[in-house]
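**Q** Make a model of the complete structure from these sequences and hints.
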Amino acid sequence: MKRVKVLVVGAGVVGLSTAVCVAETLPYCSVTVIAEKFSPDTTGDGAAGILLPKEFPDIPLERQKRWFKESFDHLLAIADSPQASDAGVYLSSGYHIFKDIPCDKKPFWSDFVLGFRYMTDREMKRFPNYKFGQAFTTLKCECLNYLPWLEKRLRAVGGQIIHEKVTDLQKLALNYDAIMNCSGLSSRFLLKDEEVYPIRGQILKVSAPWLKNFIRDGDGNTYIYPGIRYVSIGGTRQADDWRLEVDKEDSKGILERCCRLEPSLRAAQVMGEWVGLRPGRANPRVERQYLHLQGRQVPVVHNYGHGGCGVTLSWGTALDALDLLRQSLFEKPPQARL
Amino acid sequence: MRVCIIGAGVIGLSTAQSIYQHFHSRISPLTIEVYADVFTPLTTSDGAAGLWQPYLYDKGNVQETKWNKETFDYLLSCLSSPDSVKMGIFLQSGYNLCPEPQPDPSFKDAVLGFRQLTKRELDMFPGYSFGWFNTALMIEGKTYLPWLMDWLRQRNVKFYQRKIGSFKELADSGADVIINCSGVRSGDLQPDPELQPARGQIIKVDAPWLKHWILTHDSSSGVYNSPYIIPGSRLVTVGGVFQVGNWNMKNSSVDHKGIWEAACKLEPSLQLARIVEDWTGLRPARSKVRLERETIRSGPTSFEVIHNYGHGGFGMTIHRGCAEETARLFGQILQQKRPLALSKSRL
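So the sequences go chain by chain: V and G. Heads up: the first sequence is residues 1 to 338, going by the UniProt record's numbering. Heads up: the second sequence is residues 1 to 347, going by the UniProt record's numbering.
Just so you know, these hints were derived from the structure itself, not from any lab. These figures come from a predicted structure and were not determined experimentally. Ideal placement from N, C-alpha and C gives every residue a C-beta, glycine not left out. Be aware that a few hints might be false.
Listed below are the simulated DSSO-like cross-link pairs for lysine-lysine, each with C-alpha atoms no more than 30 Å apart in a straight line [unchecked claim]:
| id | chain 1 | residue 1 | chain 2 | residue 2 |
| --- | --- | --- | --- | --- |
| 1 | V | Lys205 | G | Lys204 |
| 2 | V | Lys248 | G | Lys204 |
| 3 | G | Lys86 | V | Lys252 |
| 4 | G | Lys337 | V | Lys99 |
| 5 | G | Lys265 | V | Lys131 |
| 6 | V | Lys252 | V | Lys125 |
| 7 | G | Lys142 | V | Lys205 |
| 8 | V | Lys152 | V | Lys105 |
| 9 | V | Lys54 | G | Lys66 |
| 10 | G | Lys86 | G | Lys337 |
| 11 | G | Lys59 | G | Lys86 |
| 12 | G | Lys119 | V | Lys65 |
| 13 | V | Lys125 | G | Lys142 |
| 14 | G | Lys86 | V | Lys125 |
| 15 | V | Lys205 | G | Lys337 |
| 16 | V | Lys69 | G | Lys86 |
| 17 | V | Lys131 | G | Lys108 |
| 18 | V | Lys106 | G | Lys108 |
| 19 | V | Lys125 | G | Lys108 |
| 20 | V | Lys125 | G | Lys204 |
| 21 | G | Lys119 | V | Lys106 |
| 22 | V | Lys105 | G | Lys119 |
| 23 | G | Lys69 | V | Lys125 |
| 24 | G | Lys265 | V | Lys152 |
| 25 | V | Lys69 | G | Lys265 |
Every beta carbon over 10 Å from chain V, so not counted as near; a handful from chain G, in silico [what the hints assert, rightly or not]:
| id | residue |
| --- | --- |
| 26 | His22 |
| 27 | Leu79 |
| 28 | Lys168 |
| 29 | Asp172 |
| 30 | Ser233 |
| 31 | Lys257 |
| 32 | Arg290 |
| 33 | Arg293 |
| 34 | Gln335 |
**A** Listed below in C-alpha cells is the structure:
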C-alpha cells in the first residue's frame, strides 16, 4: 500500500497520543506532528494530570466509558512497568469529598478506577464541612515527563516533528493525505469553532513531600494533588477568561481553601504558580470531516475540546480518532457538492 | 523524685514524655534524666521506615493490640495539630499482599478505610492472590525523635550520653525509679534469653513517584523477610530481612542484592530509581514486649525498675501505648512510696 502522509496538528497530550496511536498502529502511515508549543509549554504540562473524568451531556455514555477505560488501562500498564518513572505515570489514591450529597454517588467511571468505595465515618471526620466522600485509586500522568516520553515513542517508529504555528489548515492539506486536528483551544481560531472557549485554571506548586494522597472537592474548585516534584494545589474555573498571568487574589483563595482541607499545608513552601487555559467545549469533538481542495478529499479527524479532561481521555480519544482515520482511508469519501 | 530512663530511642523518649505529662504537676520536684550511648540519628528508631503497622496477628497478645491502637489514635489526633509536619507524622495508603487468603489482621479496625483488594489490584502484583488496602500513619523516626528531644528539653529533661553498666550504678547515684528502655542491648543490663536481635537491612532510594507502601507477607519466610517498599517524606525505604540472632551491624552486599531483586520484581518502576544508601539495624525482638515492674534487691535496700523493651519491628507502632502503660506503672510505684504525698496533689 502506498505510504499515507498524516499530519497531526498539536503536540499537547491529545496531539502526541493521537500521533503515537497512528504511527504505531498503521505502519503504512508517515506521521508528522506540527505545533507551535511543545512540552514544557503545552496546557497539559501544568496540569496535575489526575485521571478523573466528568460526564459530557451529548456523547453516548458507552463511548465516554470507552474513552476513559482505554486511557486508564493504557496508563495502568505503563505505571506497572519499568517505564513508569520515565513516563511520569503512577498510582495515586485519595478522597473526593462533597459538601452536599451528590445525585450521582456512583459515577460512570467508578468501575474503571481501582477500589472505588464510599468514605467511612472516621475518614469523613477529617472534613467536618463535608457530608459525603468517595475513596479510590486512580492514576496520575505528569505531562512534563509523559510528553517527552511520547515524543520518543513517536520518533522510534519514524514520526517527524515540525516546530511551527499552524494558521491555515487548507494550505497544509495540500501536502498531506490526512490531517488529525488536535489543536485544543486553538481550534477556535483555526476552525472558527466558537463552541471552544478557555476555562482558566490557576495552581500553586508547593513543596510538601509528606503528602501522599489527593483530596478533591467535588465542586472542582479546590484540590490537592501530590506529584513527583511538588504538590499541585488549586484551583480556578474561569470561563472565557484568556488571562495567562498569575492572579494574586486567586493564589490567596487557593491557599486558604486548601489549608482548610489539609492543615499541614501551612508548613509547605510555595515554589511557584502556573496558569493554563483548558480547551473548554460542551463536548469534546471527536469526528471526521473532509476538506475539499483541488479535486482531492482530505479527511480531517478532529480530536479537541477535552476541557479539563485532556490527560484523562487522551488515549481513549486518540484510539477513536485512529479508527476514524482508518475508516476514511478505506472508504470512498463523499462526493463534493458543487 | 528522680527518674532515670535508660535509652533514647522512640521508647525511651516517649516514656519520658508520658511520665512528664502525667506527673509533672503532681510531684515536685520531678527530675527526669535520659541516659543513652546513642542518640538520634544513630538509634534503631532512626532507621525505621516509620509505617504504623503491627504484625498481622497478635497471637493472643491483646495488650499489645490495645497499645498499638492507642498509639494510632494518638498519632491521628496529632495529625491535625500545627506540629504534625515537625513531628514527622502523615497519612499514607498502601497494600498488604499475601500469596494466599488469610484471616483479617489485628489492625483492621485501627486503621482507616480497611478493605480487601480487588482482583484488578491484585493483577498488578503477580504471585500474590490476596490482600488488603488501607490508609495508615507514617511516623518518621529521624523527625519524630528530634521533635521529642526538643519537647523534653523545653521541659527541663536532661540528657546524658553515657553507656550505663548496670541498674545498680544508677540506683547508687540516687535514682528513685529506673526505666529500662534499652532495646536490643537490654541483655547487657540484665540477661534475657527471650530477647534477641532481629537484624534488618534496608535500602534508601530516590523514587518520588511512589505514593503507596507495599508490604508482602509470606508465612514460609517469616515476617519482614519478604519484600516491602515504604515511601517516606524524602526517600523510599526498601526491605527487608529479619535475621534472628544476627548482631552484625554492617551492611551486607548479599542482603542488598536479595532485597533489591525482590523489590524490583514487586515494583518494576524501582529499576530506574537512584539508590542512595543502605542501613542496618537490630530490631529488639522478643516473644512479647517486656513491660513490667521489678524490684531489685541491693544489699539491705531495694530499688524499682520498670522494663519497657522488646518491641521488635513495631516500636514506632506501639510506642505511645507502652509509654502510657509505663507511666501507669510509675504511678503505682509512687502510690507505694508516698501515698500521702499523692493524695495531697492536684489532679
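**Q** Give a verdict on every hint.
**A** Hint check:
1. V:Lys205 to G:Lys204: Holds, at about 26 Å.
2. V:Lys248 to G:Lys204: violated (39 Å)
3. G:Lys86 to V:Lys252: The given pair, whose Cα atoms are some 24 Å apart, holds under the 30 Å limit.
4. G:Lys337 to V:Lys99: violated (56 Å)
5. G:Lys265 to V:Lys131: Answer violated: lysine 265 of chain G to lysine 131 of chain V is near 41 Å, above 30 Å.
6. V:Lys252 to V:Lys125: Holds - the C-alpha atoms of lysine 125 of chain V and lysine 252 of chain V are around 26 Å apart, at most 30 Å.
7. G:Lys142 to V:Lys205: holds (26 Å)
8. V:Lys152 to V:Lys105: Violated, at about 40 Å.
9. V:Lys54 to G:Lys66: violated (44 Å)
10. G:Lys86 to G:Lys337: Given that 30 Å is the threshold and the Cα spacing comes to 38 Å, the pair is violated.
11. G:Lys59 to G:Lys86: violated (35 Å)
12. G:Lys119 to V:Lys65: Distance of about 20 Å is within 30 Å: holds.
13. V:Lys125 to G:Lys142: holds (29 Å)
14. G:Lys86 to V:Lys125: Satisfied, since the Cα-Cα distance of roughly 23 Å is no more than 30 Å.
15. V:Lys205 to G:Lys337: Answer violated: lysine 205 of chain V to lysine 337 of chain G is near 58 Å, above 30 Å.
16. V:Lys69 to G:Lys86: violated (41 Å)
17. V:Lys131 to G:Lys108: holds (24 Å)
18. V:Lys106 to G:Lys108: holds (25 Å)
19. V:Lys125 to G:Lys108: Cα-Cα ~18 Å, so holds.
20. V:Lys125 to G:Lys204: violated (34 Å)
21. G:Lys119 to V:Lys106: holds (20 Å)
22. V:Lys105 to G:Lys119: Holds - the C-alpha atoms of lysine 119 of chain G and lysine 105 of chain V are around 23 Å apart, at most 30 Å.
23. G:Lys69 to V:Lys125: holds (18 Å)
24. G:Lys265 to V:Lys152: Given that 30 Å is the threshold and the Cα spacing comes to 26 Å, the pair holds.
25. V:Lys69 to G:Lys265: holds (26 Å)
26. His22: holds (27 Å)
27. Leu79: With a cut-off of 10 Å, leucine 79 of chain G comes too close to chain V, as the shortest Cβ separation is near 8 Å.
28. Lys168: holds (44 Å)
29. Asp172: holds (45 Å)
30. Ser233: Check fails; 4 Å does not lie beyond 10 Å.
31. Lys257: Label holds. Min Cβ-Cβ 18 Å, cutoff 10 Å.
32. Arg290: holds (32 Å)
33. Arg293: holds (35 Å)
34. Gln335: holds (36 Å)
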